[in-house]
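**Student:** Place chain B on chain A using the hints.
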Amino acid sequence: MSSKVRRKPRIAVFKFASCDGCQLSLLDAEDELLGVAAALDIAYFPEASRAMVKGPYDIGLVEGSITTHHDAERIQEVRRQCKTLIAIGACATAGGIQALRNWKDVDEFIRIVYATPKYINTLKLSTPVAEHVPVDFELRGCPINKHQLIELITATLAGRKPNVPTYSVCVECKRKGNVCIAVAQGVACLGPATQTGCGALCPSFDRGCYGCYGPMESPNTESLSNQFRILGQNNAEITRAFRGFNAWAWQFRKASEESERT
Amino acid sequence: MTERVNQYVLESRDFQQLLDALIKRGYQVLGPAVRDGAIVYDVVESLSDLPIGWTDEQETGRYRLRRRNDEALFGYVVGPQSWKKYLHPAEVRLLTAERSGRTFRILNNEPAPPRRAFLGVRACELAAIAVQDRVLEGDRYRDPIYAARREGIFIVAVNCTQAAPTCFCTSMGTGPRVRGAYDLALTELVGPGKHEFVIEAGSDAGAEVLAELAPSAASEALCREAEAAVERAASQIQRRLDTTGIRDLLYTNFDHLRWDNVAQRCLACANCTMVCPTCFCTTVEDVSDVTGTHAERWRKWDSCFSQNFSYIHGGSVRSSAKSRYRQWMTHKLASWIDQFGNSGCVGCGRCITWCPVGIDITEEVRAIRESPASSKESSHGKP
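The listed protein sequences derive, respectively, from chains A and B. If you're matching positions, the first sequence starts at 3 in this note's numbering and goes up one per residue. If you're matching positions, the second sequence starts at 18 in this note's numbering and goes up one per residue.
Same shape as in the complex, but just chain A (with noise of 0.2 Å):
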């Protein structure tokens, strides 16, 4: 660091369609808390102070999928503020659980649910934040891991690139010690097709991963799904599987509509 006195970077966190369970990994990082607040300068952050600071920002992060006409044009916005902009979260980099209403009729379910449908409006598909501006990185999860959005922004500080892998849940599993469910209980596990970054959270506990760090690199979806007939699921519990928090990712999607096909 030069002697002379800098700027801290400014750090804006904006909130679209989502339950705010990203945004708070942030306040849960107790233990990094005090460090990220003394490398950044908190400027907007509405989940956190009422002290909102005007843009611009250097880093901003983009929590939820774009669900409105508003939204739409706020993103906008939002990516004019921002020098260095990430997207964190299953909503905002797959269209989140919300998407689920992309292969259902809104319109239908605005009938139903509102008393007065004609106060909504909105768009017909919940859809990433990269399908509306360029986005600089996007950090997978539902909820995203704490230690990986630290590890992000530590690394957009210091300017290197940071170590957040792309491969299997299956690397991480094994790295643990974990015995594969797959393999030694017959568990449909979506783990060979997700990406890691949860710790492999779920088959720790002898579950199945749910796929909620998105696709892997490069998944498989196909042979997946083949194995998991195998295993004595039907093709409508292997859409139900594809179709959780990154059900609009394009290899889940494809997978999900594939089985709901045959």
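Worth double-checking, as some hints may not be accurate.
Within a straight-line C-alpha distance of at most 25 Å, the following computed PhoX-like cross-link-like pairs (lysine-lysine) qualify [as the list claims (entries may be wrong)]:
id : chain 1 : residue 1 : chain 2 : residue 2
1  : B       : LYS41     : B       : LYS102
2  : A       : LYS178    : B       : LYS317
3  : A       : LYS126    : A       : LYS163
4  : A       : LYS148    : A       : LYS10
5  : A       : LYS17     : A       : LYS85
6  : A       : LYS256    : A       : LYS106
7  : A       : LYS163    : B       : LYS317
8  : A       : LYS256    : B       : LYS339
9  : B       : LYS102    : B       : LYS317
10 : A       : LYS178    : B       : LYS102
11 : A       : LYS10     : A       : LYS126
12 : B       : LYS317    : A       : LYS148
13 : A       : LYS148    : A       : LYS17
14 : A       : LYS126    : A       : LYS17
15 : A       : LYS148    : A       : LYS106
Not close to chain B: a few residues of chain A, all C-beta gaps over 10 Å, as computed [as the list claims (entries may be wrong)]:
id : residue
16 : ILE152
17 : ASN237
18 : TRP252
Taking beta-carbon pairs under 8 Å as the criterion, some of the chain A residues facing chain B (in silico) [unchecked claim]:
id : residue
19 : ALA186
20 : VAL189
21 : ALA190
Rather than coming from a laboratory, the hints here were simulated on the basis of the structure. Note that CB positions come from ideal geometry on N, CA and C, so glycine has one too.
**Tutor:** Same frame as chain A, now just chain B:
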């Protein structure tokens, strides 16, 4: 009754004495234990830690624990883990650095690994350790982490008296009888009204432990029985991998259609390389904390199935699953020979059992061998 030199009998009720003798010498004994539906390797302190009366059923992409109708201690084949988890750990911190002012200090704070004894090393696993010895410390560039962990390991080998359908050690010339550098070797004999081990020493350290157990000499008949049990295991092995000219076979079939076929099934999930007892590839990650005052360098198991593994400027060299499977198998069975003088495969069958979609390396080799490429197609030569 005639007796054989060097071969002794250890009754199963005295087995604890062997554990005690090792623990007394300061060894942390690592051996088989039942955990999470499989037989894994863990710390063993008493007889009850061992998988008494358990066996494994294995086939392509499937593993199940089953109860035996006896009290065998080593009545299973091989599990998902191998000794590489201790010798070549999945994650290891290479260094820690602390910034102070304008300089930084490297802290080398890794504690020395404990003295360890491996209990229950199978013939294929002994061969796998020899393969990793060659790769990681048998050359100009020694891996100090492996060397420090490898040095002074006390090996209690166990001859296989049964085989799994996934085993093919006989094809790779590695088993089922243990050969090479062990300290003690056991053959377990279990039957109605008896449970004993034929035990022999393979080193001075082994002989010293054996002397302390003061076992009686094994009769000729018992030794023959032990040999027959190992031969029975050999005869159970159905899987074959024909290694005749395998190096050239794979080098000249770089464009074989079978690679496309296997790529349709391969998940590129890297499970085969993680469970392989000889796969040694790693990646190195530098991490720093947000304050920029503390940095660490970690080495982690990596795999030729990951895209970043072959990342160079401009992108990944092996972008397709096809190219990655071909790289793995061709390295394991062919270019490993050029590189290290022997095959990288020991025939343990782990990659077959633990592949989530049951891809079988022996079957892939057979498919290529049955319809090898014409010489014209093989013009690409070595991968």
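**Student:** Let's test the interface hint: is any C-beta of chain B closer than 8 Å to that of ALA186 of chain A?
**Tutor:** holds (4 Å)
**Student:** Is LYS178 of chain A close enough to LYS102 of chain B, meaning Cα to Cα at most 25 Å?
**Tutor:** holds (10 Å)
**Student:** What's the verdict on LYS10 of chain A and LYS126 of chain A, does the C-alpha distance respect the 25 Å limit or exceed it?
**Tutor:** violated (40 Å)
**Student:** Minimum Cβ distance from VAL189 of chain A to chain B below 8 Å?
**Tutor:** violated (10 Å)
**Student:** Holds or violated: LYS163 of chain A with LYS317 of chain B, Cα cutoff 25 Å?
**Tutor:** Holds, because 17 Å separates the two Cα atoms, which is no more than 25 Å.
**Student:** Evaluate the condition: distance from the CB of TRP252 of chain A to the nearest CB of chain B exceeds 10 Å.
**Tutor:** holds (17 Å)
**Student:** Interface hint check: ALA190 of chain A, Cβ to nearest Cβ on chain B, cutoff 8 Å. Holds or violated?
**Tutor:** violated (10 Å)
**Student:** Measure nothing beyond the straight line between the CA atoms of LYS256 of chain A and LYS106 of chain A; if it is 25 Å or shorter, mark the hint as holding.
**Tutor:** holds (16 Å)
**Student:** Given the hinted pair LYS148 of chain A and LYS106 of chain A, is their alpha-carbon gap at most 25 Å?
**Tutor:** Outside the cut-off at roughly 33 Å; violated.
**Student:** With a cut-off of 25 Å on the C-alpha distance, tell me whether LYS41 of chain B and LYS102 of chain B pass.
**Tutor:** holds (24 Å)
**Student:** Quickly compare the C-alpha distance for LYS148 of chain A and LYS17 of chain A to 25 Å and report which way the hint goes.
**Tutor:** holds (17 Å)
**Student:** With a cut-off of 25 Å on the C-alpha distance, tell me whether LYS126 of chain A and LYS163 of chain A pass.
**Tutor:** violated (36 Å)
Checked against the numbered hints above, the structure breaks hints 3, 11, 15, 16, 20, 21 and satisfies the rest.
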